[in-house]
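There are 2 protein chains.
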Amino acid sequence: MARWEPDARGRLVVAAVDLFTEQGYDATTVAQIAERAGVTKSTFFRYFPDKREVLVAGQETLSRLLAEGIAEAPAAASPLEAVAAGLERVSSAMGPMNRDLGPRLKAAVAASAELQERDALKSVGLAAAMTTALIARGVPDTTAQLAGELGVLAFKRGYSEWSEGDRESDHELAHYTLAALDELRAASASLG
Amino acid sequence: MARWEPDARGRLVVAAVDLFTEQGYDATTVAQIAERAGVTKSTFFRYFPDKREVLVAGQETLSRLLAEGIAEAPAAASPLEAVAAGLERVSSAMGPMNRDLGPRLKAAVAASAELQERDALKSVGLAAAMTTALIARGVPDTTAQLAGELGVLAFKRGYSEWSEGDRESDHELAHYTLAALDELRAASASLG
Chain A
455 MARWEPDARG
465 RLVVAAVDLF
475 TEQGYDATTV
485 AQIAERAGVT
495 KSTFFRYFPD
505 KREVLVAGQE
515 TLSRLLAEGI
525 AEAPAAASPL
535 EAVAAGLERV
545 SSAMGPMNRD
555 LGPRLKAAVA
565 ASAELQERDA
575 LKSVGLAAAM
585 TTALIARGVP
595 DTTAQLAGEL
605 GVLAFKRGYS
615 EWSEGDRESD
625 HELAHYTLAA
635 LDELRAASAS
645 LG
Chain B
455 MARWEPDARG
465 RLVVAAVDLF
475 TEQGYDATTV
485 AQIAERAGVT
495 KSTFFRYFPD
505 KREVLVAGQE
515 TLSRLLAEGI
525 AEAPAAASPL
535 EAVAAGLERV
545 SSAMGPMNRD
555 LGPRLKAAVA
565 ASAELQERDA
575 LKSVGLAAAM
585 TTALIARGVP
595 DTTAQLAGEL
605 GVLAFKRGYS
615 EWSEGDRESD
625 HELAHYTLAA
635 LDELRAASAS
645 LG
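As they're listed, the protein sequences go chains A and B.
Terminal number for the first sequence in my numbering: 646, no gaps in between.
Terminal number for the second sequence in my numbering: 646, no gaps in between.
Take these hints with a grain of salt, some might be off.
Remember, identical chains collapse to one label, so a pair may be satisfied in a single copy or spanning two.
Only pairs whose alpha carbons sit at most 16 Å apart, straight line, appear in this in silico EDC-like list of lysine to aspartate or glutamate [said to hold, decoys possible]:
| # | residue 1 | residue 2 |
| --- | --- | --- |
| 1 | K610 | D595 |
| 2 | K495 | E514 |
| 3 | K495 | D624 |
| 4 | K495 | E526 |
| 5 | K495 | E542 |
| 6 | K495 | D595 |
| 7 | K610 | E476 |
| 8 | K560 | E615 |
| 9 | K505 | E568 |
| 10 | K505 | E615 |
| 11 | K610 | D472 |
What the hints contain is simulated information worked out from the structure, not anything from laboratory work.
Required output: the full structure, derived from the provided sequences and hints.
Encoded structure:
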């Protein structure tokens, strides 16, 4: 299998996550991230406004893909079937770099309160993107909000299993996010 | 009805929220908050580590009350019935000050990305507190996580309706949080 070669943007993400984990988020500067990635500071700023945003890189892309998948699901799809279509769309956009990053990202976030906050707001944004796309399909507000939350839980669980748990498996991310959504659907029947 | 008289801690919260709304979060200093509340800066620091924490004041108390309510629910209670017990417990601890603060808090958070992040992490914390308490009752992990998320959604919706919507109503907060939980329970049946 060919070695995966990240572009400048990908190298910046990897360098930032590694430095955050090695020496802490607060102690890491943009200059250090750029140096580790082999690019200049101005290249850094072409991709990211500051070091924190490196870690939520892709939130807008994720939101857009989730919303597109939901919008394009068959008209007869149930709210969770539409969420599944969103998860399939977003999962298919994530490759080896995203898989490699998972455990390092988790360690960096676990070590910084500031990154935990940013990460929490990212989840809020993804849930809102799905909820809005579901409402546009005519799903009632409360059901749409609930389905959006389930979508975020499924995405996070699936991503975590794919990137941290079962590293030897050939399964794509979609396999894990859709399985997690099924599990959550089953659990919703036993809430009482 | 007697005028509600907040103590120093309550006055600090009110002063902070008002200043954040009037002049922005970034432009507000701890000295200004203390002055507006009629206390010294060292009194401020007796209650809060920094200005941001003023806005999530009470997160630990909320988490504790939610967890206690869940733990003390009857053994035969379903996961959502236990969550309802947690919501009742926490709702009964919130009085006129919390109701008055709602709309101002919302405005302050809406105006600051930093506060939105802190607020998002607060929700994560409340959901985790409920999930942990449910797992301790023997609820399976996935069901517990889902029920914890529903509990947070119900708390936020109920608090928002109580403090922003129906200001003339005599209903207690519990009326709104429990109604919101019922609505979410009904919606979970139509996820498909």
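Results of checking the hints against the structure:
In the homo-oligomer, the alpha carbons of K610 and D595 lie at most 16 Å apart only across protomers (15 Å), although the nearest pairing inside one protomer, at 23 Å, exceeds that limit. Taking the closest pair of Cα atoms, K495 and E514 never come within 16 Å of each other, the shortest separation being 23 Å inside a single copy and 41 Å across copies. For the homomeric pair K495 and D624, neither the shortest alpha-carbon distance inside one copy (37 Å) nor that between copies (58 Å) is at most 16 Å. Taking CA atoms no more than 16 Å apart as the test, K495 paired with E526 passes in neither setting, with 40 Å inside one copy and 56 Å between copies.
For the identical chains of this complex, K495 and E542 are neighbours neither inside a copy (36 Å) nor across copies (53 Å), given an alpha-carbon limit of 16 Å. Neither within a single protomer nor between protomers do K495 and D595 lie at most 16 Å apart by alpha-carbon distance, with minima of 44 Å and 45 Å respectively. Neither within a single protomer nor between protomers do K610 and E476 lie at most 16 Å apart by alpha-carbon distance, with minima of 24 Å and 37 Å respectively. When the C-alpha separation of K560 and E615 is checked against a cutoff of 16 Å, the pair qualifies only within one copy, where the shortest distance is 12 Å, while the shortest distance between copies is 36 Å.
Proximity of K505 to E568 under the C-alpha cut-off of 16 Å is found in both arrangements, the shortest distances being 12 Å within a copy and 15 Å between copies. In this assembly of identical chains, K505 and E615 lie within 16 Å of each other by CA distance neither inside one copy nor across copies; the values are 27 Å within and 38 Å between. In this homomeric assembly, K610 and D472 never come within 16 Å of each other (Cα to Cα): the closest approach is 21 Å inside a single copy and 36 Å across copies.
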